[in-house]
Each structure stands twice: as C-alpha cells, then as structure tokens.
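First to last, the sequence lines map onto chains A and B. The C-terminal position of the first sequence is numbered 293 in the numbering used here, with every residue numbered one higher than the one before it. The C-terminal position of the second sequence is numbered 52 in the numbering used here, with every residue numbered one higher than the one before it.
Hints were generated in silico from the structure; no laboratory data involved. Because the structure is a prediction, the values reported are computed rather than measured. Accuracy of the hints is not assured; some may be wrong.
Within a straight-line C-alpha distance of at most 20 Å, the following computed PhoX-like cross-link-like pairs (lysine-lysine) qualify [as the list claims (entries may be wrong)]:
1. A:Lys272 / A:Lys256
2. B:Lys5 / A:Lys182
3. A:Lys223 / B:Lys42
4. A:Lys272 / A:Lys253
5. A:Lys179 / A:Lys191
6. A:Lys77 / B:Lys42
7. A:Lys256 / A:Lys270
8. A:Lys223 / B:Lys2
9. A:Lys223 / A:Lys253
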Amino acid sequence: MLQYIESIFTHLSTWGLPVIMLIVGIAEFSFGLYEQRWTRNERVLDIVCFVVPKIVVRPFVAYVGLLLLPKFLPGAKGAFAWVPFWWGFAIIAVADDLTQYWYHRLHHQVPWLWRFHRTHHSAPYMGMAMASRQNIIYTIFFSQIYLTTTLVYLGLGYPVLFVTGVKSLITTAAHSSIKWDKPFYTVKWLKPIGWVMERLISTPATHHAHHADTSDDGVGYYKGNFGNMFFIWDIIFGTGIITRQYPSGYGIKHYKEEEWYSQFLWPIFKSKREGSELSLHGPMVGDSVEASK
Amino acid sequence: MKLDKVTRNKITRDALISIFLFALPVLLMLLSFKISGQRPWKQQAATAKVSR
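So that you can see chain A by itself, here it is in the shape it has in the complex (with noise of 0.2 Å):
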C-alpha cells in the first residue's frame, strides 16, 4: 500500500500533475467554462507559461541541487536525514508554504514588485489554463523552490515528495473554474468540513476572490487570500476573507490585453500599449492611475 501511494507522488511530481491539468482543463474548456475570453492572445501566453518553465526552469533547479549546494555546504548532504518523516512533513509544509505566502504577499503589496506578478492576474477567467500563468522572471525567483531543494540536499527528500504533491493538488485545484467546493457550503452534512477546510486550506471560493476584478462587490478580494497550500497564514496575518461565494468577474480592471510575450518576459520585452504598466513609461500599478481619476 505504502509503495502504492510513493509511486503516485513520484508520478505526480514528474508528468503526472501536467496530465491532470491537461485532462480538467480540457473538461472546463468543453463546459465552456472560459466564457469565450480564451483568446489567441491569451491562449499563447498561457501555453508558454506552462511549457517553457518546465523545460527551462526545472533544468535550472536541478543544476543549484545537484552541483552548487555540494559547494556551499560541502558535507552537509544528507545531515538530516534522521528527522522522522511525519516532522519532516510538517517542517517542510511550513517553510515551504510560508515562504510562497510571503513572496506572494510582497509581490501584491510591495508597488514595484507587482508588475512580475501581473500576469497571473491579467487572466479574465480562471481554470487549469491560467493556473501555471506568470513572468518569467516571478517563476526563476520563486523562492521557496529553492529552500526546498536545499531541504532536500539535507536530507528530506521524501517528505518533500509528498509536501510538493499535495501542495500542487490543493493549489491547482484551487485555480480551478470546476466549482467543487460548492457543496460543502450547501450540503447540511458536509457544513463543518467545509467550516475547517476553507480556513486551513485554499479553496475555489477564497482563490477566485483573489483573482477578482474588483473588491466593491464584498465577495473580490485581490488585495488579500494569499495563502497557495494553507489559507491559514491569511487567517493568522489578518490578510484572508471568506464569504463562500464567487466573483462575477476575474482578472484587472485596467488590463490592456497586452501582448503574451511582454507579459511572459517583462522587463526584457515592453508592451507597446499605451499607458500599460507594462510599457516603457508606463505606471508602476495601475490601480493607483485608476484610482487618482
């Protein structure tokens, strides 16, 4: 039974989370789920983002494994590996998902930090497409990529297996426009699961309101629900809300469909859009523009 479940995580942290992504964002683009906004534009650019890091940024992470670690901590391989597991995984679950929560919240609250996060949100819909969506330069400094392959050189290796593959599970399916958590609002039974998971975990309800386009309807809410695997660092920080409902629209309102390859490589490439913040005078956030008028 143990061997089965390891074999799973071994499958999911290689091609078998791409599949699952493939195979229920093929069913939500058959539900018509993206609402006809899955444009050529958009298509590429989210094609891209969940090519191009595969290829590029995993190589990347396994060159600071394999060959730069040994040099900075020469005889350190492996000095943990006595941690037991079930310590291992909290320890792991912890740092790993906390360092996510911070990188996130800095990137939405710091002003010039925003426009290496923007990609993710410029999406107007929500679904496995966009779940991989970001610039280049937010997917190579995704920091807690390598505190975790630095556990991993330690000696928690197989904790970290499971930790990556749960956490890729939650935090996909959160991004997902597939409604799932719906019942455990509505149905009487599952009430109080759905009470504990909401608060530790994130769910479609609280991710999608990060993703809105707007906070004035009380449900968006994109200046806040930064947890990825716990939502409970939202609960703790005071950043979180959670009303069980979904936003009527996604994405940012000033969006300017800007070209997939300025947003993908930003500040490499500009956009040519005028008053983009993507652009080569453009604003930092275009909140603020908006908000000043």
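Starting from the known structure of chain A, arrange chain B on it as the hints suggest.
Chain B alone, transformed into the frame defined by chain A:
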C-alpha cells in the same frame, strides 16, 4: 511609488510572527524528543559508523 507606512508596519509585524511560525514545527519536534527520550540523530550516526 512608495510603500505606505501602515502596510510597511504590518509587513514588519507579520514577518516577526513568521519567524516564530517557521521555527514552531522544529521546536515541537525537539520537545517531543525531550519528552519521549528519542535520539534519532544518534541512531543515524551509529548506522553510518557500522556501514563504514
């Protein structure tokens, strides 16, 4: 465009709380070893010696 003071203060406060949160599972693990008397790092060292 600069970071406003309220946000900066909240970030500082929450970052300090986070240091404790990062350390919490490690501290709980060490506490559990203290209570149970387990010394798993010694086991690993002994195994490494035997295998040499």
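A quick look at each hint next to the structure:
no., hint, in the structure
1, A:Lys272 / A:Lys256, "holds (10 Å)"
2, B:Lys5 / A:Lys182, "violated (38 Å)"
3, A:Lys223 / B:Lys42, "violated (48 Å)"
4, A:Lys272 / A:Lys253, "holds (18 Å)"
5, A:Lys179 / A:Lys191, "holds (15 Å)"
6, A:Lys77 / B:Lys42, "holds (17 Å)"
7, A:Lys256 / A:Lys270, "holds (13 Å)"
8, A:Lys223 / B:Lys2, "holds (17 Å)"
9, A:Lys223 / A:Lys253, "holds (14 Å)"
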